[in-house]
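Protein chains in written order, with the numbering used here: chain S, 1 to 211; chain D, 1 to 318; chain W, 1 to 52.
Heads up, some of the hints might be wrong.
[Stated by the list, open to error] Straight line, CA to CA, 20 Å or less: simulated PhoX-like cross-link-like pairs of lysine-lysine:
#: 1; chain 1: S; residue 1: 16; chain 2: S; residue 2: 194
#: 2; chain 1: S; residue 1: 194; chain 2: S; residue 2: 26
#: 3; chain 1: S; residue 1: 26; chain 2: S; residue 2: 16
#: 4; chain 1: D; residue 1: 50; chain 2: W; residue 2: 4
#: 5; chain 1: D; residue 1: 24; chain 2: S; residue 2: 26
#: 6; chain 1: S; residue 1: 20; chain 2: S; residue 2: 194
[As the list claims (entries may be wrong)] Pulled a few chain D residues facing chain W out of the computed Cβ check, cut under 7 Å:
#: 7; residue: 44
#: 8; residue: 236
#: 9; residue: 255
Hints were generated in silico from the structure; no laboratory data involved.
For glycine and all other residues, C-beta sits at the position ideal for the given N, C-alpha and C.
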Amino acid sequence: MSIMQEKEMWTSKLRKSWQKTLPVEKLLPDTQPAYVASWIYLFGVATLASLGVIIASGIVLAFEGASWYHYSNVGHFINSMHFWSVQFFFVFMVVHLWGKFWMAAWRGRRLLTWITGAVAFVASIATAFTGYLIQTNFDSQWISYEAKDGFNSVGIGSRFNVTNFGQMILLHVAFLPIVLGVITMIHVLMVRAKGVVPPIDAFNAELGERK
Amino acid sequence: MNDRRSELEAAPWSGRTRRYDLIKEGVAALVVVTIATVALSTLFGSPDDKQITFKEWAVAAPADFYATTVQELAGSSGTGGYGAPYNTASDGVNLGPLHLAKLMGVTHPVDTVNDFVITPLTTVVNSGPVADALKQWQSSDSKTQAAWATNYDNALTKANQDATKVPSGNYGPVPQLSGGLLSMAQAGSLDGALLSQGNYFQSDNTKQTLFMGDGSYFNDQSTASNLQGSTWGMMNETGRYPGQAWLWLYSFWYQIPPFNNGDSHPFGANADAWIMVIMGALSLGLIIMPLIPGVRSLPYKIKIHRLVWKNYYQEENL
Amino acid sequence: MNLKAVYIHIGWFQMSVTNLIIVIGMVVLFGLALTLPFPGNSKGNKKGKGRK
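Next up, chain S with everything else stripped away, as it sits in the complex (with noise of 0.2 Å):
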């Protein structure tokens, strides 16, 4: 009876599936398969280091205000490294991106840690495009005026209007980089439960296959 109430109860229910799906051991494991040995496998961890510095500088520019760094020396420095930690990001991510491809990562049910990887890709593109938008110069003034003819044309500019900067700023600090978040973290996590994807001719011999 007792046995019965706890198997019932959602939160039991939500830990034993987390348990099972994500132990501690596998968040934070101390080896790896020994097949986990190229520098390919670093880029993954250089995007995210990237997209640290990425919300760190972003934070400082938050408090500061957009035009800040117009006026000041440690604005402007601030900024480039805005600037330049997102060149790193979508380098590392492109990196990245082709190194799972040439992988078939998604192999063995990763279906979804591609598909959480590639909607990261295009939120980060989007989350990028804002914040041109809101550099406050002629970059960003061009920008919006070329861009809105891309969202008006299929009616997305009747609720995403590119030349309110009211709204791109406030979707550049708060909702995209949450979704961008959100997503990155499922990512990680996915590829923490199910394990860096096996090499492809790994079991060619169990299968009897000849490679």
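Add chains D and W to chain S, keeping to what the hints say.
Positioned in the frame of chain S, the structure of chains D and W alone reads:
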């Protein structure tokens, strides 16, 4: 067979392992990226071309500003004829029978006559002739207003935007109003008036951006910096800084036929909408790539994985 | 960096030299990541514990 393979690939790894410190790796990555970012920031800084103000425009290119103002009064500017989401002047671009912009309606109404010219003029103390012109404009009906503005717009276009060469005609107060707005812009009071529209708090720059984009000055600056969409401008940045290179594919479509010809129907003239659809489809394709036959087999055919796992394959004689 | 940008322009293709450097850098990074030997080897490491 494939199920068995998938099962093996999904199961927790039971083969050889190696020590691997994820946290140390993460901290090292953070340190390296931070140092690299600080280095590039110190060496190169970041782009910051000054914003263009209406004052700058009106002082640097008064004839262009004046002619644009006349067009706003006549409704012949880019914004005046845009359609949704700003007004109902046209149907806008389409995807065949689908007019998505029109369907979504006028969500950001922009009245070029009042928002761009008349309301800003009423926020300042105008000189005698401009004040009189404003009174005359406000006391006449919209049909007369439109006739005056269109007459003057056509005459000014014929005179190559040289107001001194426009023959006299039935222009009503349009020349005085446009001259008044030019003075206002040159004095630097139009920027704020366009944004605030008589209010206190305001964070929507739509009206400023649309008005500025209707003139040539803004577009010329963009062309000079190679930012026009027709020349891969979407990927570019002011100065020698890297731009949004990740928009290369989006930018690419604008460079090739039929999308690079705005006069070709149905695709070139509606390039914005079609390219949006193409990019939406391609983005979806990237997201569900493992499900797309052909593409998903590429890693098996082009064996770059042999390089990734070369140590393991060697050690295991695979 | 605030100087006028230099562009590579071939037919309909056009790219700023800076963007090109970044793209080439990305390809080079990818190539190096696949070919440079990764430090440490797995020889002598223990067998997996077989967590299942």
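Now for the hints, and whether the structure bears them out:
no. : hint         : verdict
1   : S/16 x S/194 : holds (17 Å)
2   : S/194 x S/26 : holds (9 Å)
3   : S/26 x S/16  : holds (15 Å)
4   : D/50 x W/4   : holds (15 Å)
5   : D/24 x S/26  : holds (16 Å)
6   : S/20 x S/194 : holds (11 Å)
7   : 44           : holds (5 Å)
8   : 236          : holds (6 Å)
9   : 255          : holds (5 Å)
Hint violations for this structure: none, all hints satisfied.
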